[in-house]
Amino acid sequence: MSASGLGHRAGDRSDGRSDGGSDGGSDGGHSIVFDDVSVVYPNGSRGLAGVSLTISPGEFVVVVGLSGAGKSTLVRTINGLVPVTAGRLSVGGTEVKSVRGRRLPRLRADIGMIFQGFNLVTRRSVMSNVLTGRLHAQSWARSLLGLHTKADKEIAFEALERVGIVEKAWVRASELSGGQQQRVAIARALAQQPSVMLADEPVASLDPPTADRVMRDLRQINRDLGITTVVNLHFLDLARRYADRIIGMRAGEVVFDGPATDADDAVFERIYGRSLTGEDIST
Amino acid sequence: MTRATATRPNPPPKWPYTVAGLALVGVVLAAGWSLEDARWERLPQFPGAIWQYAAQMIDGVLTWPGAHPDGQADPDLTYGDWWLQALKLMGESVALAWIGTCVGALVSFPLAFLAASNTAPWFVRMPVRTFFNAIRAVPEILLAVIVMLPLFGLNPMAGAMAIGIHSIGSLGKLTLESIETIDPGPVEAVVAAGATWWQRIRTAVIPQLLPETVAFWLYRFEVNIRASAILGVVSAGGIGALLNRVLRGREWEWGGIMLVVIIFVTILVDQISAALRHRILHGAEATAVAA
Amino acid sequence: MTGAALERRDGPQGPVRPAKPPPSPLLIGGVLGAVAVTGVAGWAIDFSLTPVIEQWSTLMMILGEVVHPEWAEITDPTSRLWTALMETAAIAVIATFVGSLIALGVALLGSKVSAPPGIYRVTKSVMAVIRSLPDMAYALIFVAVVTGPLPGILALTVFNVGIVAKLTAESIDAVDQGPLEALDAAGATRWQRARAAIVPLVLPSYASYVLYVFELNIRASVVLGAVGAGGIGQLIMLYFNRADYPRLAAVVIVIFVAVIAIDLLSQALRRRLV
Numbered sequence: 001m002s003a004s005g006l007g008h009r010a011g012d013r014s015d016g017r018s019d020g021g022s023d024g025g026s027d028g029g030h031s032i033v034f035d036d037v038s039v040v041y042p043n044g045s046r047g048l049a050g051v052s053l054t055i056s057p058g059e060f061v062v063v064v065g066l067s068g069a070g071k072s073t074l075v076r077t078i079n080g081l082v083p084v085t086a087g088r089l090s091v092g093g094t095e096v097k098s099v100r101g102r103r104l105p106r107l108r109a110d111i112g113m114i115f116q117g118f119n120l121v122t123r124r125s126v127m128s129n130v131l132t133g134r135l136h137a138q139s140w141a142r143s144l145l146g147l148h149t150k151a152d153k154e155i156a157f158e159a160l161e162r163v164g165i166v167e168k169a170w171v172r173a174s175e176l177s178g179g180q181q182q183r184v185a186i187a188r189a190l191a192q193q194p195s196v197m198l199a200d201e202p203v204a205s206l207d208p209p210t211a212d213r214v215m216r217d218l219r220q221i222n223r224d225l226g227i228t229t230v231v232n233l234h235f236l237d238l239a240r241r242y243a244d245r246i247i248g249m250r251a252g253e254v255v256f257d258g259p260a261t262d263a264d265d266a267v268f269e270r271i272y273g274r275s276l277t278g279e280d281i282s283t
Numbered sequence: 001m002t003r004a005t006a007t008r009p010n011p012p013p014k015w016p017y018t019v020a021g022l023a024l025v026g027v028v029l030a031a032g033w034s035l036e037d038a039r040w041e042r043l044p045q046f047p048g049a050i051w052q053y054a055a056q057m058i059d060g061v062l063t064w065p066g067a068h069p070d071g072q073a074d075p076d077l078t079y080g081d082w083w084l085q086a087l088k089l090m091g092e093s094v095a096l097a098w099i100g101t102c103v104g105a106l107v108s109f110p111l112a113f114l115a116a117s118n119t120a121p122w123f124v125r126m127p128v129r130t131f132f133n134a135i136r137a138v139p140e141i142l143l144a145v146i147v148m149l150p151l152f153g154l155n156p157m158a159g160a161m162a163i164g165i166h167s168i169g170s171l172g173k174l175t176l177e178s179i180e181t182i183d184p185g186p187v188e189a190v191v192a193a194g195a196t197w198w199q200r201i202r203t204a205v206i207p208q209l210l211p212e213t214v215a216f217w218l219y220r221f222e223v224n225i226r227a228s229a230i231l232g233v234v235s236a237g238g239i240g241a242l243l244n245r246v247l248r249g250r251e252w253e254w255g256g257i258m259l260v261v262i263i264f265v266t267i268l269v270d271q272i273s274a275a276l277r278h279r280i281l282h283g284a285e286a287t288a289v290a291a
Numbered sequence: 001m002t003g004a005a006l007e008r009r010d011g012p013q014g015p016v017r018p019a020k021p022p023p024s025p026l027l028i029g030g031v032l033g034a035v036a037v038t039g040v041a042g043w044a045i046d047f048s049l050t051p052v053i054e055q056w057s058t059l060m061m062i063l064g065e066v067v068h069p070e071w072a073e074i075t076d077p078t079s080r081l082w083t084a085l086m087e088t089a090a091i092a093v094i095a096t097f098v099g100s101l102i103a104l105g106v107a108l109l110g111s112k113v114s115a116p117p118g119i120y121r122v123t124k125s126v127m128a129v130i131r132s133l134p135d136m137a138y139a140l141i142f143v144a145v146v147t148g149p150l151p152g153i154l155a156l157t158v159f160n161v162g163i164v165a166k167l168t169a170e171s172i173d174a175v176d177q178g179p180l181e182a183l184d185a186a187g188a189t190r191w192q193r194a195r196a197a198i199v200p201l202v203l204p205s206y207a208s209y210v211l212y213v214f215e216l217n218i219r220a221s222v223v224l225g226a227v228g229a230g231g232i233g234q235l236i237m238l239y240f241n242r243a244d245y246p247r248l249a250a251v252v253i254v255i256f257v258a259v260i261a262i263d264l265l266s267q268a269l270r271r272r273l274v
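Residue numbers (the working numbering), protein chains in the order written: chain A, 1 to 283; chain B, 1 to 291; chain C, 1 to 274.
None of these hints come from the bench; they were simulated from the model. Treat the numbers as computed from the prediction; the structure is a model and nothing was measured. The beta carbon of each residue, even a glycine, is placed where N, CA and C say it ideally should be. Each hint should be verified, as a subset may be incorrect.
Chain A side only, calculated, beta carbon under 8 Å to chain B, not exhaustive [what the hints assert, rightly or not]: (1) V166; (2) A169; (3) W170.
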């Protein structure tokens, strides 16, 4: 894997999806195909009910819906954090359900993820956190000693530069603001050199201007590197501003799927089960 | 996007960690070197010897209780007698640990209010805290030897009181710390309603405090059962005195039986106590889920 | 209950005011149980405080000797007391260091967050058995192999592994799941997850447990000497058996000061850790 992988990524976009995609290689984005996917949790509650979707390589998709509508489940099935109970789900041609044991980390290495709570190891430096995105490419002995190759450090620095926070590289993550922490989390995901980027409510814990900044970063990364991106959002408003395509979910089912421009007030009502109020616009 | 506008900072130096680590290893090596009669060369003998003792202990434990052990002065003695004796003495250990814990709990609870910064002024607080720290610093065995054995003679009351006094210190410290970390909101509300010092304690502090404190008492009981073993060495009651005699006499079969009884009773009491603590701290629903 | 509270709003003609519920049977049972256990325990050890009055003069006589400690033992740095104290400190340092290192590994095997289910159950049970024996039992067994500080070190090491591994495993159980999920999502293996997230997250608690057992070890190594495992305990037994109270008092003073000093030091260190 070349040290400047992130840099030349953009140029490779054209060759799109190629192989099984478990090498974390430098082909642009992967496609994601849901074929009648259902998820039932061990406690009996239903996460997804027969979802069928095709997300093309390099697409920027925003999933909207109320909490409990299945957005989180949808995103987490893509990297196998939530197991699929029925149906077929493939990422870049690899069936997620068939991947077990040692191959699961390799599939996940190819899929970056960003969380609502940032999920940084806050006691460690920004750099250490970003370098955890390189763990998949590291030997057992190196990860024991906490040693990183020059190439890995270069990738981490480039990722930090991309989100514009490189000057904080050696600061403890706990000393950063929420928005800065989320950008570190994006850098961590970027350092994986992923083909798919997932974001589960990435801006729910941030104030509106910071949220905007984070969304812009995600959008820019998607444009520059051609990484297929799936973002969960609570509100339609931000979704309309950034998405190529919006998927609306309600009770585990897809109730809307179309370009952002089609997501009008009627669609809003279908997703949220009520009409638009002033409060929704301002957020 | 702000790309490469800022220069990359240099990593912070690593040498302070290296120096600290080397210093620590140095202290440990110096400590090892200072022990002139430690006979480190005997270390490799341990696994073999321990294995051999353990085999004999297991033999003793697995022998039919009606059988007669070899080489004992009393020909009627059976393994069963050893089991009964161990159980009886372990019962005494548990009993003296319980009484000791009760003494510690009853004395430390009221004193803790006089030691916490949110319930007592500094001139009361300082002496009480010093008292807690002072008794915590004296190991039980010294309390037993200097004060309790002269008073109570060589019997379990001496052990119970030594454990009790020592527990006052540690329980007092834990209780005062949890008094200091209670939610001040309810106290403020009660003060605003015109409550006196005592009413404040009774209605706003104790209700917040009680579950955690009772859990501390139970935890201390578990610790005290282990502590009671050592008091046996100075004959202050419990299973320790006999264990000391038997293991020093290298009667491994007998010792094995005693150790099994100790392990079994200790784990049993720990399990009961842990379940009670969980029930007290988290309520019935959480306990049901955990089970 | 909620229903009643809501209906109260209907006015005074609403439902009757609920009576105060009786205390829960569990609470009554718990209190009665505690009283019963106390009664039985008191009977089993012949609880009686009358010796306090009867033997008061004996105690005063002994304390009269104790308040005149043999200062020479303390002021002379070559005395047996100082040699024994240094030995005790060295035993505690080595046992804490070795025991804590082993314990970190054991703790990772003993938490369901870091270890596979089978391994963590086995580790937990083995640790429970190891912890259930008092440190003195280990010392007695090890002393049978060889006397001196070595069995003391080994006994305390075993004891430390038990405590530090248990506490650290509990901290690992309580670790924030967010960063772990992030590492799973980044394709980290179980091992990398432990190294990159779990260990850094529990490090402050681990360090404070290590300091805590160091304090315990100072106290415990006092006691271990009593069974011949080196350190200051041997002196305590010697002076106790000879009823040499002035020298015993000197030992008490030194232990007292040492324990308090270590306590303060470790508190200061722990405050910096958190």
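Structure-based check of all given hints:
With its C-beta approaching chain B no nearer than about 5 Å, A/V166 sits inside the 8 Å limit, and its interface hint holds. Hint status for A/A169 relative to chain B: holds, with the closest Cβ pair at about 5 Å, below 8 Å. A least Cβ separation of about 5 Å between A/W170 and chain B falls short of the 8 Å threshold, and the interface hint therefore holds.
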